[in-house]
Each structure stands twice: as structure tokens, then as C-alpha cells.
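Trainee: Each protein sequence line maps, in turn, to chains A and B. Per the numbering used here, the first sequence runs over residues 7 to 319. Per the numbering used here, the second sequence runs over residues 9 to 307.
Every beta carbon over 10 Å from chain B, so not counted as near; a handful from chain A, in silico:
#, residue
1, 58
2, 90
3, 99
4, 216
5, 235
Per label pair, the in silico range of CB-to-CB distance:
#, chain 1, residue 1, chain 2, residue 2, range
6, A, 20, B, 46, 39 to 45 Å
7, A, 268, B, 252, 24 to 30 Å
8, A, 313, B, 124, 35 to 41 Å
Rough simulated footprint, nothing fancy, chain B against chain A, three-plus residues with beta-carbon under 8 Å:
#, segment
9, 21-32
10, 146-155
11, 265-277
12, 287-300
Derived from the structure by calculation, the hints contain no laboratory data. The structure presented is a predicted model; accordingly, all values stated were derived computationally and were not measured. Cβ coordinates follow ideal geometry from the N, Cα and C atoms, glycine included.
Chain by chain, the residues run as shown.
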Amino acid sequence: MLGYIVRRLLATIPVMGIVALTVFSLLYLAPGDPAAIIAGDQATVAEIAKIRASLGLDQPYLVRFGHWLWQVVHGNLGTSVFTGQPVSAMIAERLEPTLALMIFTMLIAITVAVPLGVIAAWKHGSWIDRAIMVFAVLGFSVPVFVIAYLLAYVFGLVFRILPVQGFEPLSRGFWPFLRGLILPSLALGAIYVALLARITRAAMLEVLAQDYVRTARAKGVGQRGVLFVHALKNAANPVVTVAGLGVALLIGGTVVTETVFAIPGLGTLTVNAILERDYPVIQGVVLLFSFAYVLVNLIVDLLYSFFDPRIRL
Amino acid sequence: MSEISLPEEAAALPEILPPPAARGRVAGFVLRHPGIAIGGGLIGVMAFLAIAAPWLGTVDPQALDPANMLISPSAGHWFGTDMLGRDIYSRVLYGARVSLVVGFAVAALASVGGMAIGLVSGFIRALDPVLMRIMDGVMAIPAILLAIALMALTQGSVGNVIIAITVSQVPQVARLVRGMVLSLREQPFVEAAIAAGTRTPRLIWRHIVPNTLAPVIVQATYVCASAMIIEAILDFIGAGTPPVVPSWGNIMAEGRALWQVKPFIVFFPAFFLSVTVLAVNLLGDGLRDALDPRLGTRQ
Chain A
7 MLGYIVRRLL
17 ATIPVMGIVA
27 LTVFSLLYLA
37 PGDPAAIIAG
47 DQATVAEIAK
57 IRASLGLDQP
67 YLVRFGHWLW
77 QVVHGNLGTS
87 VFTGQPVSAM
97 IAERLEPTLA
107 LMIFTMLIAI
117 TVAVPLGVIA
127 AWKHGSWIDR
137 AIMVFAVLGF
147 SVPVFVIAYL
157 LAYVFGLVFR
167 ILPVQGFEPL
177 SRGFWPFLRG
187 LILPSLALGA
197 IYVALLARIT
207 RAAMLEVLAQ
217 DYVRTARAKG
227 VGQRGVLFVH
237 ALKNAANPVV
247 TVAGLGVALL
257 IGGTVVTETV
267 FAIPGLGTLT
277 VNAILERDYP
287 VIQGVVLLFS
297 FAYVLVNLIV
307 DLLYSFFDPR
317 IRL
Chain B
9 MSEISLPEEA
19 AALPEILPPP
29 AARGRVAGFV
39 LRHPGIAIGG
49 GLIGVMAFLA
59 IAAPWLGTVD
69 PQALDPANML
79 ISPSAGHWFG
89 TDMLGRDIYS
99 RVLYGARVSL
109 VVGFAVAALA
119 SVGGMAIGLV
129 SGFIRALDPV
139 LMRIMDGVMA
149 IPAILLAIAL
159 MALTQGSVGN
169 VIIAITVSQV
179 PQVARLVRGM
189 VLSLREQPFV
199 EAAIAAGTRT
209 PRLIWRHIVP
219 NTLAPVIVQA
229 TYVCASAMII
239 EAILDFIGAG
249 TPPVVPSWGN
259 IMAEGRALWQ
269 VKPFIVFFPA
279 FFLSVTVLAV
289 NLLGDGLRDA
299 LDPRLGTRQ
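Let the sequences and hints guide you as you build the complete structure.
Mentor: This is the structure:
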């Protein structure tokens, strides 16, 4: 087990290296000369050259990459071109809404999608199955901002029961915090529900055709016991894998969802940074999200042996 | 006496299952592949609207008319006008061009690029670990973020949007093709071809590539659907094509500030985008079922 964890951790190093190199190249290739910006309008060519040397900008690509990586692993993501604040501080400030939104969305999505997939597989071929699968195709096809506006229009403007913008931090009470998250989570979660319901159904169909399921039925295990004890646990691995990969959809979707609902999280930070061409901020956010994504999928790999003890780690 | 009734029951069979030739060709196809028929049909309608946009009662989609801004849908302006007085019906119809061009171009480029990388990775084993680690690294950056980051480097234009989205979609196709190449190489017919002295380029072209096409086509439809959504998102957050370009994402971005009072600005492009992506997804699912039920993953 420990050996597997170590091997798996080592395997993420080249991946993170490529991610870091890609993100660094982004800043390296970005138009504009940071030294000229710092020096101001009055600076002479010699002064700019001096600043460039002091920042290490005259060094070769790989040397600069090494310096940058050294800073990053020490938590220094540079400073915003626009506000002059450290990027890590800006990210820390806006972490709570995004984290809350993503965790809440995953919780809702998994509680909705897995039972839907199980029912679809159980009633395979019936109208319930077909309805759930139509819903899944719709979830894939209707873009997140369309669902977001639809929900905001119906629940925020027509019925006026839920807030359509802003975010209340947890420190101001649990209920206001939760109320603000409901609509954004539903919008963000639609595609995730579709993805998980589909894979749950497919995995369940495969498992329900196995001999041990027939044995369980033959010895008199009830429908619920067969579905949730014998089948679901054995169908868990593909579902968990896709749940991990689907986090990429959530990360992309959160950028849009936060914009629609005016939530001051990492998504709106990204959008503002793009409009202001604030490269260090863009770089920091992309790096953080990618790192989180790799980490989630690492955890998924480690969950395999929990759901299927036959897989020796 | 039970023997006597048998021929009668056998004779009744054709009534239950008429031979395919007995049905109309078109009706038979629609019944057997509803996804392909409906999806393909809707894409056809969208393509027609996009191509025929100038002759469908549209005006210049970029023409400003400050005297007629924010008109609700009416006889003069079927979908209303935006805050600069531009006709939304015209912009939505011309917007179909942007979405379809981006969707199809990314699907084609990502398929070709992914196939090239997958074939190289599957045949030149020394390059495989390097190429696959690079693909893993690119896949570790969520597609929308990678496209956003790439767009931040360049000017907003349809061409740059296509390139940025393609980069984010190539790794999935490459991984799919590589996996198929590795398993195809172990197949008896490939071994037979090698034993018969087939040279590698011909082996790849005649024996490997044709066998990877079906899953790649299915994957390409999913890439097309993702590309259309990512394109609209890029425009929506201001990282895509310049705002004057009539694209569905841009129209929605313009309606963003006013959606609580003038929801129709967002509604029409949102509806067209959703229907188009739905059509592409239906086509993809239909093709997957028709070509090979076990291949083609979506992400």
C-alpha cells in the first residue's frame, strides 16, 4: 500500500512538471516587458536593462524556469501587475467561495446522480430509464451559463425565493451561506450529474449481468440489497474514476457560474485577470486549479483498493 | 397434432418482423438510428441557417441603430435588438457560422493532430513515454482554463480561438488512438501483414488507420460539442472573439448586464447554442451505437 502511494506520487511529478513548464511558458511568452513597466515612462534604456538584470529577466529560459519553480514551491506566485498585491494573497482571499461552491456541487451531484444511474440500470429499457438518459444528454448539451440564467430567472426573478447574485461567507451564518450556493451549485452540477448518471448506469448494467448478482437473487436477497450492496459497490470504481476526471468540468464551469452569479471567487478573479491581461494572476490560478485536479485524481486512484479489495496496491 | 400448427406460426413471423427492404429506406434508417437522423437533421438545419443567413430576412449583424435599442421581440425585429440597436435575429443567424466553423474546425484539427501523435506514440516506442507525459500534462490543465490561458497570449480572433481549443482537445484523441494502435499491433491480421513483408508506412495507412477511424469519428463529434461550448464560454467571459463578431457567446455577453430586465437578449443565442450542441451530441451517441458500442469516451 505504502509502496503504491509512493509510486503514484512519483508518477505525478512529471505531469506536474509539464503543467509548470506550460504555465511558466505562458508568462514567458506573454507580451509586454515587466522591467519596462516597473521602470516607468521616464526610464532610460540603461535603467531598464539594470532592472531587467536585477529581476533575472536577462537569464536564459531554463534558468528563469528554475528560479520561478523555486519560488512557486515556496508559495510565491509573483505579484499582480494590476494591483501590486502578491498573487498568493489574492488567491487565498477568494478561495472560500470557490471551494464552497465546488464541494457543495459535488455533494449535491453525487447524491442525485448515483441513485438516478442505479434506477436507470434497474429499470433498464423502461420509460424511466429513457427519461433519465434524455435528461443526461440534455445535461451534456445545455451549457452551464444557459442553465444558470434559466435557474436565476425562474427562482430568482419569477418566484423570488433565492438570491441570484453574491456570496455570503460561512462566518455570517450557515443558512445565508447555503441559500446563496443553491442556484450556482445546481447550474454548475447539471453536466456533472449527467456524466455521473450515465457512467453509474453503464457500470451497474455490467455488474447486474454478473453471476454473483444472480446468486444473490437466488439466495433471496431483496432488490434493494442486490442493487446497493452487491452491485453498487462493485460498480463504484468506474464511477469514482469519472467523478475525478469530471472535476475538470467543474473547474471550467465555476469560471462561468461565478460570473453569472457575481460570486467573488477564483472564477471571477480569472475573468478579471483576463480582461486586465494580468498574467501572473492567470498563471497562478491555472497552476492552482491544475494542481488541485491532479491531486483529486491521485486520491481517486488511492480509493480503488477501498472499493475493490481485489486490487492489491 | 401439435406438429400441424408449427408451419402456421412460422408463417406468422414475417408479419412481426418485416424485412428491412419492406420499409421505406428513409423511415427504416430513422427508426434504426434515431440519434443520427435527429442530430444530423438538426445540424443540417443549423448549417442551412448559417449559410443562407444573408437571404433569410437579416440585416447587417454589425449595423448600429441607436434609435432602436433594446426593442423587445416584435414584427420588425423578431428576436429584438441589443443595447446598441443591433438586430438580434440577424446576429443569431450569423452567429451559427462562428459556432459551426469553430466546432467543425476543432473537431477536424484535433482528430488529425491526435491521430498523428497517437500513431507516432504507438509505433516509435522510444518517443512514447515522452509524448504521453506531455499529453498527461496538457490534460491535467482543465480544457477551458488552458484555452483561456492561450487566448490571453494572443489577439481575439476566430482562428486563434480554434487553435486554443484544439490544443486542449488533442490529448484525448491522441490517447485514444495510441491505445488502439497498441492493441491493433497484437492482432493476427497485423502480424500477418508484417510477416508478408508489408512496410511500416503502408501497414499504418492500410491496416492501422482504417481500424481506428470509427472511434475517432465518434470522439470527434464529442470534441465538436465541447469546442462549441468552450467557444461560447470564451466569448462570454471576454476572452474569445472580439465583441463586434456576431457569435452566440458574444450576444450573451452583451445581454449579461441586462438579463434581469431584457432576458430575450440572452435567451435566443442560448437556445440556438443548446439545440446545436444537443444535435451534435445526439449524432455522436447515435454514431457510437451504430459503429461500435464499446468505444468512444466522453469527458
